[in-house]
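Chains as they are written, first to last, in this note's numbering: chain A, 1 to 429; chain B, 1 to 429.
Keep in mind that the hints were calculated from the coordinates and are not lab data. Be aware that one or more of the hints could be misleading.
Copies of the same chain look alike in the list, so a pair counts if it works inside one copy or between any two.
As the list claims (entries may be wrong) - Straight-line C-alpha distance at most 30 Å; calculated DSBU-like pairs for lysine-lysine:
id	residue 1	residue 2
1	Lys241	Lys70
2	Lys151	Lys413
3	Lys360	Lys151
4	Lys70	Lys7
5	Lys151	Lys7
6	Lys360	Lys51
7	Lys70	Lys413
8	Lys360	Lys70
Chain residues, written in single-letter form:
Protein chains: 2
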Amino acid sequence: MRTRPLKVALLGCGVVGSEVARIMTTHADDLAARIGAPVELAGVAVRRPDKVREGIDPALVTTDATALVKRGDLDIVVEVIGGIEPARALITTAFEHGASVVSANKALLAQDGAALHAAAEEHGRDLYYEAAVAGAIPLIRPLRESLAGDKVNRVLGIVNGTTNFILDKMDTTGAGYQEALDEATALGYAEADPTADVEGFDAAAKAAILAGIAFHTRVRLDDVHREGMTEVTAADFASAKEMGCTIKLLAICERAGDGASVTARVHPAMIPLSHPLASVRGAYNAVFVESDAAGQLMFYGPGAGGAPTASAVLGDLVAVGRNRISGATGPGESAYAALPVSPMGEVVTRYHISLDVADKPGVLAQVATVFAEHGVSIDTVRQQGKDGEASLVVVTHRASDAALGGTVETLRKLDTVRGVASIMRVEGE
Amino acid sequence: MRTRPLKVALLGCGVVGSEVARIMTTHADDLAARIGAPVELAGVAVRRPDKVREGIDPALVTTDATALVKRGDLDIVVEVIGGIEPARALITTAFEHGASVVSANKALLAQDGAALHAAAEEHGRDLYYEAAVAGAIPLIRPLRESLAGDKVNRVLGIVNGTTNFILDKMDTTGAGYQEALDEATALGYAEADPTADVEGFDAAAKAAILAGIAFHTRVRLDDVHREGMTEVTAADFASAKEMGCTIKLLAICERAGDGASVTARVHPAMIPLSHPLASVRGAYNAVFVESDAAGQLMFYGPGAGGAPTASAVLGDLVAVGRNRISGATGPGESAYAALPVSPMGEVVTRYHISLDVADKPGVLAQVATVFAEHGVSIDTVRQQGKDGEASLVVVTHRASDAALGGTVETLRKLDTVRGVASIMRVEGE
């Protein structure tokens, strides 16, 4: 074992950072044995220096994160601040001053992963970020290492615990969206401003990262089609149950039709109860991976929280620490496939559409004709009368999003169609 | 990209080996891009040289595996022969002649992992074996890398597809063991001699490997308590259903009571239907991992088969190939914790015991007294009369295996106890 310690700076000391510091202290001997050298907490950059931080030497605490990463004697910088700036500048500066970086920053990786990887490579350092996607669940490493000899075709996952908690609550109690959100907020599963979660921004960042790694190409956050789950209703869950389905907010990354492009999207979708993702409860995350040789794999676990995220950060810390000692670097960005990202219109899937229609003869024929004209084949139709109006539930065969969009646009113009109550994709069949 | 190819020798060209060779050929460009150098199949050692092997140049085929691994120009040797010898000698010789090794050999790793790791280290080479446990499911790498900064407390898994297929069939159809085994054999899920699977030898080898990696200690095959599943009956499944459980053959590796030792065991057990492992169907595998910081993780996928196993082998091939180019080695054996393995008697769990007893007053009191005398606390008792005899189903609270064993021994001596119909552990609660 090397006796000179690896010097680690911690940027951010909130829920995750404080847990990283705690485990680094309490499990110091184990970490040293696994890395091959002791690790030393060399500095902790925080915004509020006066806050009492149990177990952290106040002499290590600084508000000047930039000065910390410029020290030049750091081996590893752990970035758990989140957000774009100052995280981006700090990571870049860390590389310039010879440190490797472990980050949990999904937003930054999704937006600027390529530039950060390039900076790491330029300086011969590592950039690891297992904690950026699905918390403690090993996912980045399995995708970029374990499956490196395979061809991944699809990644289908529940990667946001807040929205899964809300949807699970709606499913099991019949609650509406607002009621379930209120409970999630009260229990600390949702933030005061839940926008990033419920509008799918968080999941979209993870989808961009996963798609890039899975398909060895570059997928930017803007490439990801994103729909939130705020408009999912109790009625949608009732419809899903009739289909033998439940509703999940899914991140879906796929090779498109001929394999020459990829797609990435986040939206609520019906998924059969028999699918392993359907039984992922509460704030848990799970990601389904389909590949040529391995077939179907699933990775399941807590997707967030201080300790689970710290577990992922520290796993990376051990790997990066070993690399520092041996003078090697781990796998960098693998984007050689350079596949274009197809627009949402080219995504092919099935749809569940609820229409409010006039309750008179010929309406079904009229509606069916519109589907046919747009080349969207109908699987099943269910018609229900209610108070002079009727509802029509159409489930389609596989069709492109563009064709479905055109169908719905035409349907909306029909006099006999009073409204489109909901459109939901059906996945995982 | 390096232009000089990495030379790979393949030992064994059966179901797995031929799939490895096929993917190496058809995905050569992808593998080269991911490794940073082309890979060249430099030789294939087989037992039957005359067999036609599609896509493999006959000039590469040899029956002299020893001469192949002694060539001295090999970068990587892929061992998919299985069994102890000649695999062990060939791997050792490969290290001596400068090659790194990728193996899928669970029996050998479980028996001689320490010596093989030592040989790899002595020669500065890699020994990777993701394919040895749970086929395509990334498990070795997550345990030894992703969770390297965490403390794993328990590994609980279905790691044998054949027995899971049989037990699932018994569960869903009510079939007996022999009938379900016959179907597994007919469908190719069980081998003509199913001993290694149904008697738990295969699962025990995997348990030894998993326990060693999870707890950073050395666990040999002989340290693993092993019970097969040939005596599980349709009546056991009926009892399990009454408990809200199903029956799985589980590999269980745990830290023992005070954390100063570990245990590893393979046996059939009841597991609640609400546990994620309960819904693992057919020949699939799944492994549940519990750790201090990450909490509960699950890894799920196909546990065997040519293509899935090849996926794991090729993932290792890419990692080892990258290491060859950079001159680094990946993580070797981590056994620094050097924890003793406690005997089965010290394992603490719950038990479901079915007794055939005389149908007369006082029997229950007598039986309950025996449990009390051995310090085994009873959770529930259910008594059912049938034809002058009665059956007594006792479910205990947590107790040591030794205490339970003593209890059963005393029970067998009671005149009023006609027989012990079954004893089944209850796990995953």
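message = When the structure is checked against the list of hints, which entries are broken? Sort them ascending.
response = Hints 1, 2, 3, 6, 7, 8 are the ones this structure does not satisfy, whereas the remaining hints hold.
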